[in-house]
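Asker: The chain contents come next:
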Amino acid sequence: MYEHDVIVVGAGGAGLRAAIAAHEAGADTAIVSKLHPVRSHTGAAEGGINAALQEGDDWELHAYDTMKGSDYLGDAPAVETLAQDAPEDTMRLEHWGMPFSREEDGRVSQRPFGGLSYPRTTYAGAETGHHLLHVMYEQVVKRGIQVYDEWYVMNLATSDEPNPKDRECHGVVAYDVQSGQIEGFKANQGVILATGGPGQAFDHTTNAVSCTGDGHAIAYRAGVPLEDMEFIQFHPTSLPSTGVLISEGVRGEGGILYNEDGERFMFEHGYANNAGELASRDVVSRAELTEVNEGRGVNDEYVHLDMRHLGEERILDRLENILHLAEDFEGVDGLVEPMPVKPGQHYAMGGIETDENGQTCISGLYAAGECACVSVHGGNRLGGNALPELIVFGKRAGRHAAGDDLGEPQIKTGYGNDVEDETDVELPVTPGSAGIGTDDGVAADGGPRSASDARSDGGIATDAAGAIERAVERERERVDRLMDRDTGIQHAEIRQKLQTAMTDYVNVFRTEEGVKKALRIIRECREEYQDVYVDDPSRTFNTDLQQTYETRNLIDVAETIALGALVRTEFRGAHWRAEHQERKDEEWLKHTLISWNGGKPDIFYRPVILEGDEKTYEPKVRSY
Amino acid sequence: MSTQQPEPESQEAPTDPEFQGAESSVDEAERSGGDIDQTAADPTDLEGETVLIKVFRYDPEVEAKQEPRFDDFHVPFTKGMTALDAVIYARDQYDSSLTFRHSCRQAVCGSDAFFINGKQRLACKTQIAELEQPIRIEPLPHQEVVKDLVVDMDHFYDQMHAVEPYFQNEETPAIEDLEEQRQSRENREKIKMSTRCIWCGACMSSCNIAAGDNEYLGPAAINKAYRFAMDDREPEEIKEHRLRIVEQEHGVWRCQTQFSCTEVCPKDIPLTEHIQELKREAVKKNLKFW
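Same order as they appear, the protein sequences are chains A and B. Every letter in the first sequence is one number past the one before it in my numbering, and letter 229, counting from 1, is 229. Quick note, my numbering runs 1000 ahead of the 1-based positions in the second sequence.
Source of the hints: derived by calculation from the structure; they are not laboratory data. Since the model is a prediction, treat every value here as computed from it, not as a measurement. One or more hints might be untrue.
According to the in silico footprint, chain B covers these stretches of chain A (three or more CB under 8 angstroms from chain B) [claimed, not checked]:
no. : stretch
1   : 37-50
2   : 85-93
3   : 100-111
4   : 139-151
5   : 205-218
6   : 329-340
7   : 539-546
In this text, a Cβ means the ideal position worked out from N, Cα and C, and glycines have one as well.
Just chain A, same shape as in the assembly (with noise of 0.2 angstroms):
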C-alpha cells in the first residue's frame, strides 16, 4: 500500500494545479493518472483564460457575463469566487514562464470573447492548453511531487455508513497499467478528484478517447451527488470523422456554413437573421442539425463551412492552424474546398456536486476541473472560462485538503435540509444497478457480487487501512472475474452502442421520447455489461481491462445525463426539450442532483443561489 497525505487523481489542468497547491500548503502529495500528465486532453484547449486583469475591466463584471452566460443556473458564490481567483492565478501562470502572447509593450494579450463584455481572454496563440499544461507540469517536475503515470484508478476506498455525508474518504485503489498490479493508495488527508470530462459517452466528441468519467462514476457509486449532468455543451464546428474541432475563429473572420443545396442556411432559413454564423454555439448546432434532419445536409450528415473566399493570404495569416486540421484529420484541403463540420459533444458543464471549496459531501474527498460541478457554469459555459475554472479551483481544492483554511462554504452539498425530491416524470426503465433482487452472483455492475453489496455488512470501517485493503480485494476479485471468464460480450460493442444511442437521442435536440429511448437502450447496455469479458490474457498493459472498466463508468454517466435531460422540463441553456420551449425560472431555478444511493438512483434538487456577497444577480432575458 501506498501512502500520501494528499492524493491528486488525474494530471490535466485541475489536477496538476491542486497538486501543486496542497504541496505549497505542506502536505506530501502524488498523482495518480491513467495518463502520463502532458497527455491529460487540457493540451487540446485553443481559446484561453477569462481573467479581469487590466484597469477598465473588473472582476464584478467577470462574475456578470459569467452568470448571465449560465443561463442563471450558476451559483453565485462560486461564479464570484471564480472571477475574483482569476487574475491572480492566470498572473501566477506568468510568473512560472507561461508563454502567453504579448502586446507591444511586453504585457500580456488579452481579447474579446463570446458573451463577454470586457476582452479579458488571456491567452497564448490558439494552444493555450497545450503551454497551460505544460508549464503546470513543468512546476510539478520542479517540486519534485511524485506522479504515478499510467496508474488507472479503479476505485475509491470509503467507510460505509448508511448516509454518504457520514462517510470518509480514505484513498483510492488503482492498478499499474504497465504491470497489471493492483495497489491500494491511502491518502491521509485527501483524495481529489480531477479525471476530466465523460465525452465519450457520446459517439461524436471533440474530448479525447481518455475522457471517459472515470472520476464522476466512482463519486457517484461512493455517493456523492451528480449535479446538472443534462447540460452538455455541443460545439458547431467539428470535423466529421474525428470530431476535432474546428475553432470558432473561423466564422470569426468570415467563414460561411452552406447546407447540401448551397443556401446560406443561418439566414435563408432564419435561424439567426442578425448574427448568422456568429450566434451563439448552441443556436448555429441547432441549425445545423436541422438542415441534416430535414434532409438538407451534405450526405445526411453534416454541413459545409467555407472560407476560401477570405482567400489564401489571410487564411495563412490567421487560420493556419485551421489548414492543418482539416488537412491532417479530414484529408481536406481548406483552401480549395469546405471543409465538412458537424455538432460534436464538447464540455460538460456538470459533474461532481462539490462546494466552492471543492469539497464533496463525503470527507476527505474532492473534485476539481471539468469533472467537478461547483457551479460555475450553469446551463453553459462561456468560452474561456474552462482554463481559470481548473486553475481556481484545483488550486482552492488542493489547499483545502491539505488543511489550509478557506472559510466557509456557503455552497451545500449531499442530501439535506434544502433539497426537494419530488418528481412527476415517469421514468420508461429502473435506473441504476442491475443487480438489485437477482442472485445470480454476478453483480449490478459486472463484478462479483461483494463489490456491489460493499455496504451490506453493515459494519463502520472506521480503520482506513482496512477499509483500502477491502477496497483493493474487490477489485482484484471484478479483475480476476473479467478476465477468469472466456465468452460474452466485449466492451466495445456496448460502449459503441451506449454512444450512438447518447447522440441519436440525447445529443443538441432532445424529445421526451428520444430521451427515453435512450434510457432504454442505456439500460440494454447496463444489462449486457453483466456479460462483459476481458478476451486479453496479459496482464502487462492491458487496455482491453482498462476499457472495460471505462465503459462501465460510461454507462453510469450517461444514465446520469439522460435522467437530467428527461426530468428538467424547460428549455435552458444548452439544454433544449421539444416539448418545453421556455426557461421556466418558477420551476427550474434548481439544480438537478442525482445520486447513487446503492444502486438504486435518487432524483432531487436544489435551488441555485443567485444572491452574491454583495448583489443579487436578478434572471434576465438571455440575448446578445
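With the hints as your guide, set chain B onto chain A.
Answerer: The following block gives chain B in isolation, referenced to the frame of chain A:
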C-alpha cells in the same frame, strides 16, 4: 483467449457488410521480414475499399506473442481515415488485445508516435490515403517495447527532466500587484516553435546519435533547454547554467546535424537549428569567460 488468430464476432458477421468484408482478412500472423503481400485489395470485399495494415505484435507474458511478429488486419477505408483510426478499428472489431497508446486524436497529446512505413509519425495525423500499402505499423525504434506498439518512455522522460525543464526566476513581481514579467513580441516569437513540443519521442527515436549513446540528451530535451535559455524572462546567470547543462559530454556537441529529428517532428519544430544555436551560444559564453 488466444491472441494469435483474432476472429471477428461471429454473431455480427452476417448482418454487417463492412464487417463481412473484413472477416476473412485477418490472416495468419506473418513474422517480421517475411513475405509481404503487395496487393491491398481483399477479393472478398465488394468495393475493394479495404486497406491492409501489418501491425507489430509482442507481449512478453503471452506465449503466442513472446516471439515478435506482424499481424495483418484488413480495415474498411473511409475518407479521412488516419493510421490511428485504422488500428482502433482493428482493435475494436478484430482483436481487443491489440495495444497502443492514444488519447486526444488531434496531435496534441503526443501518445501515438509509431514507426509507420519506416518513418516516425503521429498515427492520428497520418492519412491512410497517403501511405503505400501494405502499411507497416511498428513501435518506435530504439526504445524498449513493452507490448505491441507501446514502448517504454521512461528514458525519454528522464532525459527531458535532466535539463531542469522548468522556468527559473527568483525575482518575479509580487503576485497581488497582478504585474507580469515583460517579454517582447520578438522574444516570444523566438521561443514559440520550441514551446510546441508534445513529448511524443519521434525525434529521439529517429536520431542515430541517441541510438548509439544512451546518455545523449536528445533533440527534445535540448529543445526544452533552448525554450528556457532563449526566454528573456530568465536572468542571465540561469541562462549560463542552462548552457553548462547542454554543453556537457552528452549534450549539444553530440549532434551531427543529420536533421532526422527535424524531419520527423510532427509539430515542425526546427530541432536541429535549435541545437546548433545552443552550440553557438555555448561558444560565445565560453569566449566571454576566457
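Asker: All hints are to be evaluated individually against the structure, with a verdict given for each.
Answerer: Cross-check of the supplied hints:
no.	hint	result
1	37-50	holds (count 6)
2	85-93	holds (count 4)
3	100-111	holds (count 9)
4	139-151	holds (count 3)
5	205-218	holds (count 3)
6	329-340	holds (count 4)
7	539-546	holds (count 6)
In this structure, every one of the numbered hints holds.
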